[in-house]
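Spelled out, the chains give:
2 protein chains.
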Amino acid sequence: MADSKLDSLLDRFAKQDRLALARLITRVENRSAEVSTVMERIYARTGHAYIIGVTGAPGAGKSTLVNQLVSRYRAQNKLVAVLAIDPSSPFSGGAVLGDRVRMTDHYRDPGVYIRSLSSRGHHGGLSRAAREIVKLLDAFGYDIVIIETVGVGQTELSVMDLADSTVVVTVPEGGDGVQVMKAGLNEIADLFVVNKADRDGADRVKAELELSVHLRPPVGWRPLVLMTQASNDIGVDALVVAIVRHADFQKEHHDPARDRERRTREFLEVLTSELEERTERALKNGAGGADQVLGEVREGRLNPYSAARRIIEDHAAISRLLDEGGPKSVRQ
Amino acid sequence: MADSKLDSLLDRFAKQDRLALARLITRVENRSAEVSTVMERIYARTGHAYIIGVTGAPGAGKSTLVNQLVSRYRAQNKLVAVLAIDPSSPFSGGAVLGDRVRMTDHYRDPGVYIRSLSSRGHHGGLSRAAREIVKLLDAFGYDIVIIETVGVGQTELSVMDLADSTVVVTVPEGGDGVQVMKAGLNEIADLFVVNKADRDGADRVKAELELSVHLRPPVGWRPLVLMTQASNDIGVDALVVAIVRHADFQKEHHDPARDRERRTREFLEVLTSELEERTERALKNGAGGADQVLGEVREGRLNPYSAARRIIEDHAAISRLLDEGGPKSVRQ
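The listed protein sequences correspond, in order, to chains A and B. So that you can map any letter, position 6 of the first sequence is 199 in our numbering, and since no number is skipped, the others follow by simple counting. So that you can map any letter, position 256 of the second sequence is 449 in our numbering, and since no number is skipped, the others follow by simple counting.
FYI, nobody ran anything at the bench for these hints, they're computed from the structure. These numbers come from a predicted model, not from an experiment. Backbone N, C-alpha and C fix where the C-beta goes; we use that ideal spot for every residue, glycine too. Treat the hints with caution; some may be incorrect.
[Claimed, not checked] For each label pair, taking beta carbons as the anchor points, the in silico distance ranges come out as:
1. B:478 x A:208: 42 to 50 angstroms
2. A:404 x B:392: 30 to 38 angstroms
3. B:219 x A:397: 21 to 29 angstroms
4. B:411 x A:208: 46 to 54 angstroms
5. B:366 x A:392: 43 to 51 angstroms
6. A:204 x B:458: 48 to 56 angstroms
Here chain A stands alone, though its shape is the one from the complex (with noise of 0.2 angstroms):
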């Protein structure tokens, strides 16, 4: 993409154009060599939004809770965008697309922004196409910003740090694979919720979560446990409170260390992925400097790891592949 293209898009972006934030979305989906440069752009006036995560097991009812709170923060007259992180495939389509179909009530709403990203095909990629569309969400000016999870796997829940406000639904009929799942939810969630809590033993879930809450150290915040029905909209408003409770208990409790300690680890993320992606782009459009190398590796005479070593170690080879494999104006 020329940069005088990218250039107006980011205008049309800065003028509240919503077509041009979904065309920048989708360059963060397709990791386009020109991401950092859009970032770079945008990240000044990133900050203000409040970010929630939901996540929870298939079938937890996080859509429908999704759905009552953006109908909440509407009422407020907030801006509102949803990205729902989608285990899609054709063979769960049916499911998804129903969980989806639900938010219909929103879809007309300029107010309201909707956008599904697929789970699928990003490998290590996905928490930091997540953290940048949240990122770009969040310059264009959306109060929230909700983020919607299948909480399995590392790599879903790693999208749950950069929410704020992390909220983990349950539901009382939970078996084995919600208990495992609970494990790495525990210690992620700020907020509990046992939806479809008209069901049988909602109660104990709700008692094992207290537990679960004070056995944790006596310090910081201690998660609270709501119940609801969000199918029938009962205690929607409570959750809205908790999470206003939540809030108010980080501003009290604001820590400039972990600030720093967020931004140097941010920092990290995008530097190390930056490199990765750099020279995944270069050896894929087939980076001179490094053509030797490949060919050996490739036909198995040289193995990947003293392949590896002697490409950083000689250092204008990987200087090389990462200019290559930089945004096309680093290197007019």
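Keeping the supplied structure of chain A fixed, place chain B upon it in accordance with the hints.
Frame of chain A, contents of chain B only:
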């Protein structure tokens, strides 16, 4: 670790010292800086083991099935290693430990090596660690390496790329969650197993899986669908035969172009994660070259994208970081 200590560990590894194997695996798990050196040294001895991946939802009976497979291969006098990727946590500890305990049959057998790799705290690095541990087990001399994962999440799925044959285990009563998981699993399966086949619905699940196989494009291997009752030791022999059939099929249809592709992909993974790990290590140890940039990021005066660009495009800075994060021997 001094080079001489590493040398002695590698010597003992070459002499089939299981303690040396265990120590090297621990180093891989902890991402010590010597990992690439270890891999360079053992790489030539890899390529002999047959790698079997076993995956499926929690509670599908994977561990029992793996236990039975181990017995069969031991009866053939083969050396067997099992790498179990656990979604371990204090919370789910019980269930997971329960599974492991069933493997006690084999704990005292010197021809069987069992190791768990926690899926926590690895982020994108889990598949690299798993791949390297499999290489260690292969180089050590195991004939069969079985990787067992809970089939959830992208990272856990990507581990299955390592397998020569991937066995996806399902159960008759799989609900929503299983459906969703089948999604990703469907595409990676070489063999489907409907375990607990004495339960209601087994025939229906078998028919569904067979349909999904027939909907695939008619090229290459067509996944077989088998029925087992692992806990009654029924159907396991047929599974062993099916794995042999799949191995034979791959031998007969051996495609050198795919080997070259696989080698290129592995090299790309090693190169990019080596870049990532060296940079991370250097920055965590307070790398001199990036001090000023890191300081500005930490205080929020520089956005992470501009900071990354500044370091990557300064060839001296990035080279210095990569050297500082490399194995100690490099700097001697």
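For each hint, the structure was consulted:
1. B:478 x A:208: 42 to 50 angstroms: holds (45 angstroms)
2. A:404 x B:392: 30 to 38 angstroms: Cβ of residue 404 (chain A) to Cβ of residue 392 (chain B): about 33 angstroms, so the range 30 to 38 angstroms holds.
3. B:219 x A:397: 21 to 29 angstroms: Between residue 219 (chain B) and residue 397 (chain A), where Cβ atoms are some 40 angstroms apart, the hint is violated.
4. B:411 x A:208: 46 to 54 angstroms: Cβ of residue 411 (chain B) to Cβ of residue 208 (chain A): about 52 angstroms, so the range 46 to 54 angstroms holds.
5. B:366 x A:392: 43 to 51 angstroms: violated (19 angstroms)
6. A:204 x B:458: 48 to 56 angstroms: With Cβ atoms ~39 angstroms apart, the hint is violated.
The earlier numbered hints that this structure contradicts are 3, 5 and 6.
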